[in-house]
Amino acid sequence: MSKNKTMPRKMLPILFYVILGLLALIFLLSGMHRKKSTEAAAEGQAYITAEMAKDPATVQAAIQGATGEAAPSDGLPADGLDIPADGTQTEAVPAQEEDPAVLQAMAAPLYDQINNLTIPELTPEELAGYQQKYANTIVIGDSMAQAVYEYGLLDGNHVYFERGASISMLSEEIDEAMTMLPSKVIFFTGLNDTDYFDDPNAYAAAYQDRINQVLSWNPAVEVYICSMTPPGNELGAARPDLARAPEYDAALQNLCASTTSKYIDLNWMVRQELYLEDGIHFDYSFYTVWLQYAAMNLHI
Amino acid sequence: MKHSDTTKKKKKVNTKIRKFYKILALVFAVFFLGGFLLHVILPDKEQSAKEKRMLSRFPAITAGSVFSGHFGDAFEKYASDQMPFRDLFVSLKAFSDSLIGKNESQGVYRGANGFLLEKMDEAEEEKLGETIQAMKAFSEGYASNFAFVLVPNAISIYADKLPAFAPTASQSDFSASVAGQLAGSNIQLLDLTDTLKAAKDSVDPLYYRTDHHWTTQAAYSCLPQVRSVLGVDGAENWTPMLVSDSFVGSLVSKSGFSTRKTDAIYVYKPEQPVNYLVSGSSREGKSATLYSEEGLQSGDPYTVFLGGNDGMLHIETDQAGKGSLLVFKDSYFNCFLPFLLSSYKTIDVVDPRYFCDDLQSLLYQNQYSNVLFFYNMNTFSQDTSLSLVLGELAAGEVTE
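Protein chains in written order, with the working numbering: chain F, 1 to 300; chain U, 1001 to 1400.
Hints were generated in silico from the structure; no laboratory data involved.
Mixed in with the good hints there might be a few duds.
[Unchecked claim] A short list of chain F residues far from chain U (calculated; beta carbon distances all over 10 Å): (1) 10; (2) 38; (3) 100; (4) 107; (5) 219.
[Unchecked claim] Derived SDA-like pairs: lysine to any residue, alpha-carbon spacing no greater than 20 Å straight-line: (6) U:1019 with F:202; (7) U:1016 with F:115; (8) F:10 with U:1369.
[As the list claims (entries may be wrong)] Label pairs and their calculated CB-CB ranges: (9) F:216 with U:1273: 47 to 57 Å; (10) U:1176 with F:283: 23 to 33 Å; (11) U:1388 with F:132: 18 to 28 Å; (12) U:1176 with F:14: 28 to 38 Å; (13) U:1273 with F:132: 38 to 48 Å; (14) U:1077 with F:283: 14 to 24 Å; (15) U:1261 with F:23: 38 to 48 Å; (16) F:62 with U:1200: 51 to 61 Å; (17) F:53 with U:1261: 30 to 40 Å; (18) F:103 with U:1129: 33 to 43 Å; (19) U:1186 with F:156: 30 to 40 Å; (20) F:105 with U:1357: 34 to 44 Å.
In this text, a Cβ means the ideal position worked out from N, Cα and C, and glycines have one as well.
When you get a sec, could you build the whole thing from the sequences and use the hints?
This is the structure:
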């Protein structure tokens, strides 16, 4: 009687350890079941590797060749493409002369909108139309560029920004942006750099470094630089450092005058009513005008 | 003397048993407390690579959700999804189930020769009706050629591999119901069941034995029918290339059924390659291929196609003068897409489950010559995301 009772009791620990051991075994085996492909798959894998190695820029050129689309710098005559091989663009290139009168005529309705401060919202169709125009254009910058994305004017694949950054801190954004193979790049940065640079000429030199970085990806890319817009009157009175913005802006204009980069003048758009409360950034209506005016400058 | 001997022995046994009980209690406590602690300490996983799905996250606690019971339900899902060593316990359960002769686990049947087949759940009529209504409304408000390709699953084509008397919803009934609801609309429905049944003897396999997807071979065998419903032609002469013969698909991890045989994944190489560029909402930059080497080497080699599921893909090809295509799809389309590259100048691919862009804006920007819905029956019968994406469109038009 007592034997019968104790035997299963004695067995209990053994059974328990066996189960525990089995569990551990299954646990170990479950981590080992991934197998490797055999050599039969080698040719196919080499095909995938070759696919991955295809260079997007070369393929883009092939697509443009096949479909007869304009080369990346459409809007320019073919002879406007003689850019130095090293891509530095330090000499003035006698590219096609922009006729300011043409732009002014085109932008006349926008001037009226700004002067009267009656800026109509873009309809979804109009906005989509602009988004299509900007298909091969990328905007890079700080919070000034960020607003283009935040206001929903262009999507995240077309705007690359770092809030609060100096122009010299944008190399990562530039590399990321250039993998989208744009044909036009717009730089739009603001007052941060009055902090980072005391000398406007050093600022312009730093800008040229980043432009060279863009051109090192593709020397045929057209580069556009937006004005550094001044602070609002109130903020400007309180902050003399920010009030120096026009000096920096002049340095950008000089830079564009002596290289192939083109300057997009935004100063005519600045109205006290269009500032946000911080006196630095602008409201949505400013940016709808920006979107249209920049498109005119880009000939898109 | 004798008496004290037995008491000694008894005492000895008692201490042994006691010691064992202590260990038993300790192991028990470690399992429970340790499991709980691990659950708390280990970071929650966003998705399960083995099951190829997003896992539940910790639900938000609000008074409303607690009292309505939503929180409790969501928490239960969260607790079971994020349980430590979940995969191990799933296989353990399947193993113990198979010992007692069960051949269904987590909606997966173990069929002839260990072929795994996913069960078809009954469609929710109301949701299905909403989806089809949204598709019809879209096709009426947008000028294009609309087509809907519906791919049956393994349970239909390989019904002979199912265990005897396995209860599953009928896909032919489902397809008939979809066809009935689409009747009279300008969406052309192509049910690939007959095509795949006809190809069954010549193309093997049409479905992966360990995964819920169809094979590239099956997709290729349907190419003429799909082209004809789209009204396009394209590249001929494709060579199948084996890229993996060690594929263990999601049905294994989902069910826990072990498998000794693995699957082979093929990609098809065209004789006349097409130049194309792909960009996507969750991709960095443009790439010159739809294939992903990283995907091939990952735990889910099916992601060799498209590198997984992107909410939105934009493809630009060198096929000048050809049309443009907008696709709403599930992952069955991933291995089919390469076959369409030679037929279009641009292809935009929307996966409504992950799509968070603006469809209306896309439609303003493009005049698509074809709009294609491409789903497998199992996914489509349960889908709610397509009606959401198309529904926003309708709402947008109303407010205009």
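Against the structure, the hints:
1. 10: Check fails; 8 Å does not lie beyond 10 Å.
2. 38: violated (6 Å)
3. 100: holds (31 Å)
4. 107: The assertion about residue 107 of chain F holds, with a minimum of 24 Å to chain U.
5. 219: Holds: least Cβ distance 18 Å, greater than 10 Å.
6. U:1019 with F:202: Given pair residue 1019 of chain U, residue 202 of chain F is violated - Cα atoms ~79 Å apart, limit 20 Å.
7. U:1016 with F:115: violated (96 Å)
8. F:10 with U:1369: violated (78 Å)
9. F:216 with U:1273: 47 to 57 Å: violated (29 Å)
10. U:1176 with F:283: 23 to 33 Å: violated (56 Å)
11. U:1388 with F:132: 18 to 28 Å: Hint holds: Cβ distance 25 Å, inside 18 to 28 Å.
12. U:1176 with F:14: 28 to 38 Å: violated (60 Å)
13. U:1273 with F:132: 38 to 48 Å: Since the Cβ atoms of residue 1273 of chain U and residue 132 of chain F sit about 28 Å apart, the hinted range of 38 to 48 Å is violated.
14. U:1077 with F:283: 14 to 24 Å: violated (44 Å)
15. U:1261 with F:23: 38 to 48 Å: violated (26 Å)
16. F:62 with U:1200: 51 to 61 Å: The hint (51 to 61 Å, Cβ to Cβ) is violated, given that residue 62 of chain F and residue 1200 of chain U are roughly 40 Å apart.
17. F:53 with U:1261: 30 to 40 Å: Taking Cβ atoms as reference, residue 53 of chain F and residue 1261 of chain U lie about 33 Å apart, which means the hint holds.
18. F:103 with U:1129: 33 to 43 Å: violated (55 Å)
19. U:1186 with F:156: 30 to 40 Å: This hint holds: roughly 34 Å between Cβ atoms.
20. F:105 with U:1357: 34 to 44 Å: Between residue 105 of chain F and residue 1357 of chain U, where Cβ atoms are some 36 Å apart, the hint holds.
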